[in-house]
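K.L.:
Chain residues, written in single-letter form:
Number of protein chains: 2
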Amino acid sequence: MDIKKSIEKIKELTNKMKAYEHAMAIFQWDMETEAPKASVEKISKTMGFFITENYNILLSKEMKDTLDILNENIDKLDELNAKVINELTKEYDKATKIPVEEYSKYQELVTKAQVVWEEAKTKKDFDIFKPYLKEIIDFNKKFIKYRGYKGHKYNTLLDDYEPGLTVDKADLFFTALKNNIVPLLKKIEDSNVIIDNEKLNIDVDIEKQKRFAKFLAEYINFDFNRGVLKESMHPFTLNFSNKDVRITTHYYKNNILSSIFSVLHEGGHGIYEQGISDEVSETILGHGTSMGIHESQSRMYENMFGRSIEFWKGIYNKFIENFEEFKDISIAEFYKLINKVENSKIRVEADELTYSLHVLVRYEIEKAIFNDEVTIDELPNLWNEKMKDYLNVEIENDAEGILQDVHWSAGLFGYFPSYALGNAYAAQIYNKLSQEIDIKNTLLNGEFKKINKYLNEKIHKYGKMKKPLELIKDITNEELNPQYFCDYLKEKYCEIYKIKK
Amino acid sequence: MDIKKSIEKIKELTNKMKAYEHAMAIFQWDMETEAPKASVEKISKTMGFFITENYNILLSKEMKDTLDILNENIDKLDELNAKVINELTKEYDKATKIPVEEYSKYQELVTKAQVVWEEAKTKKDFDIFKPYLKEIIDFNKKFIKYRGYKGHKYNTLLDDYEPGLTVDKADLFFTALKNNIVPLLKKIEDSNVIIDNEKLNIDVDIEKQKRFAKFLAEYINFDFNRGVLKESMHPFTLNFSNKDVRITTHYYKNNILSSIFSVLHEGGHGIYEQGISDEVSETILGHGTSMGIHESQSRMYENMFGRSIEFWKGIYNKFIENFEEFKDISIAEFYKLINKVENSKIRVEADELTYSLHVLVRYEIEKAIFNDEVTIDELPNLWNEKMKDYLNVEIENDAEGILQDVHWSAGLFGYFPSYALGNAYAAQIYNKLSQEIDIKNTLLNGEFKKINKYLNEKIHKYGKMKKPLELIKDITNEELNPQYFCDYLKEKYCEIYKIKK
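Residue numbers (our numbering), protein chains in the order written: chain A, 1 to 501; chain B, 502 to 1002.
Source of the hints: derived by calculation from the structure; they are not laboratory data.
The beta-carbon is built from N, C-alpha and C at its ideal position, and this holds for glycine as well.
You can trust all of the hints, since none of them are fake.
Only pairs whose alpha carbons sit at most 27 Å apart, straight line, appear in this in silico BS3-like list of lysine-lysine:
id: 1; chain 1: B; residue 1: K941; chain 2: B; residue 2: K841
id: 2; chain 1: A; residue 1: K11; chain 2: B; residue 2: K543
id: 3; chain 1: B; residue 1: K543; chain 2: A; residue 2: K466
id: 4; chain 1: A; residue 1: K16; chain 2: A; residue 2: K97
id: 5; chain 1: B; residue 1: K546; chain 2: A; residue 2: K42
id: 6; chain 1: A; residue 1: K37; chain 2: B; residue 2: K962
id: 7; chain 1: B; residue 1: K837; chain 2: B; residue 2: K941
id: 8; chain 1: B; residue 1: K546; chain 2: A; residue 2: K64
id: 9; chain 1: A; residue 1: K37; chain 2: B; residue 2: K715
id: 10; chain 1: B; residue 1: K510; chain 2: A; residue 2: K42
id: 11; chain 1: A; residue 1: K90; chain 2: A; residue 2: K145
id: 12; chain 1: B; residue 1: K1002; chain 2: B; residue 2: K814
id: 13; chain 1: A; residue 1: K230; chain 2: B; residue 2: K711
id: 14; chain 1: B; residue 1: K962; chain 2: A; residue 2: K45
id: 15; chain 1: B; residue 1: K512; chain 2: B; residue 2: K968
id: 16; chain 1: B; residue 1: K731; chain 2: A; residue 2: K45
id: 17; chain 1: B; residue 1: K754; chain 2: A; residue 2: K210
id: 18; chain 1: B; residue 1: K538; chain 2: A; residue 2: K450
id: 19; chain 1: B; residue 1: K709; chain 2: A; residue 2: K230
id: 20; chain 1: A; residue 1: K11; chain 2: B; residue 2: K538
id: 21; chain 1: A; residue 1: K11; chain 2: B; residue 2: K606
id: 22; chain 1: A; residue 1: K208; chain 2: B; residue 2: K538
id: 23; chain 1: A; residue 1: K501; chain 2: A; residue 2: K386
id: 24; chain 1: A; residue 1: K5; chain 2: B; residue 2: K546
id: 25; chain 1: B; residue 1: K709; chain 2: A; residue 2: K210
id: 26; chain 1: B; residue 1: K731; chain 2: A; residue 2: K37
id: 27; chain 1: B; residue 1: K517; chain 2: A; residue 2: K42
Which chain A residues stay away from chain B? Per the calculated CB distances, all over 12 Å, these:
id: 28; residue: D2
id: 29; residue: E8
id: 30; residue: E91
id: 31; residue: F236
id: 32; residue: E342
id: 33; residue: I496
Chain A is faced by these chain B residues, among others (derived, beta-carbon under 7 Å):
id: 34; residue: A520
id: 35; residue: A524
id: 36; residue: I527
id: 37; residue: D531
id: 38; residue: P537
id: 39; residue: K538
id: 40; residue: A539
Put together the whole structure using the sequences plus the hints.
P.N.:
Below is the structure:
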């Protein structure tokens, strides 16, 4: 088979895989947003069938033979095709290195483990979940052996979510965060500024909140011609293609901020996916390049834009018009309310400043697990100690401690660091962005077309064509540098909490 | 291969087909209810792929060989398996008798034709659509030859939507309708009773309408644990399985009746699909048995229950509470308003009485077409003449005449009669139902559990296990008899319009 024919063959095979993925995505969307309770069994069955068909194509002899030919001729391919072949080969290798039977057993385990985790969390008892967590960890350690690793074993898992990330790089990064944020948080605790955001927690009609959510998504230029905004239990973003991106939010009657910042967050994810170029979108590279870069976009819209005074100055009239309940709150006060810092125990409720410390705790624990430096029995205490050290909170039970996140029960190790990385990427990119355009005025005037255009040119349009660290280098002319994030936080919170820098 | 293994093989193959159908159904649901505009191309592409995969399984050598074995041993199979094999063989035969190439060309034609039909309708000009309609008819005539026919050629098409229906049977049926309804309509026209339903056409908040729609669906016992009610441009019902049935309605600000009767109509379809037994639902027989029987259920809920005085007596307080705009309308008046008879030109806007006359016009024309008794050029005039004869209306242009329905542009010949049959089935079943339970009191008390149970035992649970005419025979101990429907109409409308019977 010649190169041209092989490329055609790859297109044919990946188009099939993409059709299955398209169907799985829409079933997931449906399940999370509106499917009736009793439908779950049948939907799971259909999805199981599609997963198998998809896997069969990836592991087919046709695929292997074609990949072999193209890998031998990789230098003769154009850039897009070469990157498609690299990505596909990576997926193929990963899938073939783990024996199918073990992988199926592991899938069964994590399916069960999520139910057990829920029970354990409800009963606030880590012991219930412990044997499952142990087995999941053991499987992952075995898989790392099968898959191979360079340096730390944990590197293989980090690389799954953040291509190119290693323990050495992450250590530098998290150390910088720790050294900057922990003392800053201490100063905030000691400051005299008290922010009482209880006054925002009054009941507000959901229809009003929906109207404002729609307005916000439009305001930041999420394209409703290529997208949907809907409600689900937990907010998320799903892309079927660059022309069909779905985002969700959740409305709480007595907490308007929850939906507002979810819409900005998921809107940021959504604008990223909508911005991928048509050419890339049609290939398997048609997704955001990594968890971390994705989070950099969502957090930039949520925090750097969405929690800035300029952003709110631009829409505060509209806000008060929609939510007249809050007409007595001045914009200066509102700005403080949405930027209150709290030593919280729960990651998903954490503010912009403390969030990364929650991630730090998880990173250090995961690293210790895969370095065999901690036993399963020691985990809850280790968790609680770190929470005390970094966030100065006393964890009183496992539900508000080690059992709070679903991730480990689903086998997602190596995933958490990308949340914190997202913040750091965002600050570094934001720094550059504000050198190129007058960001304060742009936010004041709500000129999101300008902002989106910049981010599109630098990030969005590439999809997975560029790796995360390559993107950062190309945009900012330096490696990942957490100092931008630390400086950003200091600047912002020292002003709010009247702390001398 | 032995019988047991062959049965397993059929299950495996049909499960795959069902997975593809499941995906196609959810994509259709998505497209009609919320998919963003720009997504259509990709969704169509994915659906095209699944249609092909589905077709490939049906036409596979594996399928043929297995069907051959099982058809040779059909007497040794249990009832359910035997019926599955019959149905599948019928599908297989149908698919193999038409050459694939011609069928693809036909598919392309009808896709294009629907766009052309829309243009023609907008421009009120049949000539634009004529060449397409001619080609669609010619294709269908050719397909009938390929597929074979007994008696009238049109029988093959009738049988597609209503298994067992023939021109001879339909002639008897439609003649009875014509002889009864046309004179009754004349008497109504001449009566002194004037019903002015304009007073219902005032603007009503959509949220209120949504609340009432939900209430109604729950009231008739549509099961929300196994179903969804949503909005779409045109109301429809879709079943993914007996545990996942989706219905839609459409809300018009100035017409609350539209949504109310759509919910009852689609609710009737939905309750049918939800009522199919688990055992049947898991096979390819897990759908309503025919268009006609399906319509019998939807129309029974919409008209016989939903436009009865007893039904409204049971919920009129609730109705007025929700729609206080109408608090000055007495229930006696309301009953008349929802049962007003009008000589309308448009089928989908027709009332319970005249609806069947609209179908009659289409039936007679389709029969003439496939009997080669009419040329394409003569169709508009033929349409207009029949509308004058039966409904006493003057058709002024093709848009309100022959171009009003989408069906023919989609190649749906033989489909219309099932709409009218549905009414007749419904009346015949309703007659039996009212002998077994005190239907007036049951409706007064809103005891839909009782009604649904009866219909479930007699109809719903079987899915496609029983053919339509077999069902009617089993329930009512006689053949299809249109007199029940005619008597029902006379009884109801003579009372409303004060006509001597």
